[in-house]
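Novice: Sequence:
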Amino acid sequence: MSIKNRTILLITLLFTGYATLLYILTPPPSPATVGPSPFLWLLTSLAIFFIALILLIISGHSKYIFKIKEQTEEIAELNKAIKESQGNFDEILERRTFELSVINGSLNREIAERIQTEKESARLQERFEMILNSAGEGIFGLDADGNVTFINKAASLMLGWEIEDLIGKSHHQLVHHTHANGEHYHEEHCPIYQAYKDGEVHFKSDDVFWTKSGHNFPVEYVSTPIIENNQYTGAVVVFRDLNTFS
Numbered sequence: 001m002s003i004k005n006r007t008i009l010l011i012t013l014l015f016t017g018y019a020t021l022l023y024i025l026t027p028p029p030s031p032a033t034v035g036p037s038p039f040l041w042l043l044t045s046l047a048i049f050f051i052a053l054i055l056l057i058i059s060g061h062s063k064y065i066f067k068i069k070e071q072t073e074e075i076a077e078l079n080k081a082i083k084e085s086q087g088n089f090d091e092i093l094e095r096r097t098f099e100l101s102v103i104n105g106s107l108n109r110e111i112a113e114r115i116q117t118e119k120e121s122a123r124l125q126e127r128f129e130m131i132l133n134s135a136g137e138g139i140f141g142l143d144a145d146g147n148v149t150f151i152n153k154a155a156s157l158m159l160g161w162e163i164e165d166l167i168g169k170s171h172h173q174l175v176h177h178t179h180a181n182g183e184h185y186h187e188e189h190c191p192i193y194q195a196y197k198d199g200e201v202h203f204k205s206d207d208v209f210w211t212k213s214g215h216n217f218p219v220e221y222v223s224t225p226i227i228e229n230n231q232y233t234g235a236v237v238v239f240r241d242l243n244t245f246s
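For the sequence shown, the UniProt record's numbering gives the first residue as 1, with consecutive numbering after it.
These are calculated hints, taken from the structure and not from any lab test. These figures come from a predicted structure and were not determined experimentally. Check each hint, because a few of them may be wrong.
Below are the DSSO-like pairs computed for lysine-lysine, each with C-alpha atoms no more than 30 Å apart in a straight line [what the hints assert, rightly or not]:
#1 83 x 67
#2 80 x 67
#3 169 x 204
#4 153 x 212
#5 169 x 197
#6 83 x 69
#7 212 x 169
#8 153 x 197
#9 197 x 212
#10 153 x 169
#11 169 x 119
Working from the sequences, and respecting the hints, build out all of it.
Specialist: If you want it as structure tokens, here you go:
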């Protein structure tokens with residue numbers, strides 16, 4: 001039974017009880033009494049009161065039920081919105097997780113490829129140095145500014161310089177600055193310099209290089225330009241000491 005029905009039943013029982021009690025306590029009317037008895041008036045008033053009370057309760061109950069219904073609908077809408085938001089959040093989270101896994105996989109693959117490339121580069125560098133150091137001729141490389149980029153042991157020994165002392169330094173200023181007769185050797189006239197300026201291979205059979213100690217020795221050399229992306233980026237020079245090969 002609903003609260004509304006229980007309340008109406010309780011009021012009905014109370015009305016019946018009050019009416020019975022009123023009937024018992026009200027003295028019977030005398031034969032001379034004209035019109036409705038006092039009991040009837042009291043009973044009518046009590047009935048009107050209880051009817052008004054029941055109507056008030058019914059009205060309040062209806063408003064209460066309507067309010068509860070509104071709140072229930074609001075809660076249902078809120079739950080629906082929460083479920084939709086949760087669904088959207090789960091979808092976004094799943095998509096982001098997938099994207100991160102793809103990015104992570106790509107990153108790991110790139111790292112692995114880079115490590116492999118570095119290993120291959122290290123092996124090539126080691127092989128390159130082995131070839132350079134096994135050669136009897138002096139070999140060195142220059143960049144577009146005439147600075148030494150690499151040099152083998154044979155060249156280092158013939159010139160009297162440590163390899164690390166020549167790397168990044170101007171070859172012309174250190175070992176090719178002066179003619180055999182003591183005249184200054186202008187870099188613009190140097191065949192080595194000209195190779196990475198005009199892109200031609202230059203050969204010289206009667207020139208001199210200067211050692212760190214200040215002595216010179218006769219050399220012949222060939223200067224070959226380095227071409228990268230259609231630009232002259234340096235030169236590779238191979239030379240030999242004519243005193244040794246004479």
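Novice: For each hint, tell me whether it holds in the structure or not.
Specialist: Results of checking the hints against the structure:
1. 83 x 67: Holds, at roughly 24 Å.
2. 80 x 67: At roughly 20 Å apart (the allowed maximum being 30 Å), residue 67 and residue 80 satisfy the hint.
3. 169 x 204: 22 Å, holds
4. 153 x 212: 15 Å, holds
5. 169 x 197: 18 Å, holds
6. 83 x 69: 21 Å, holds
7. 212 x 169: Holds. Residue 212 to residue 169 sits at ~13 Å (cutoff 30 Å).
8. 153 x 197: Roughly 27 Å separates the two Cα atoms, so the pair holds.
9. 197 x 212: 27 Å, holds
10. 153 x 169: Holds - the C-alpha atoms of residue 169 and residue 153 are around 17 Å apart, at most 30 Å.
11. 169 x 119: 28 Å, holds
Comparing the model with each numbered hint stated earlier shows that all of them hold.
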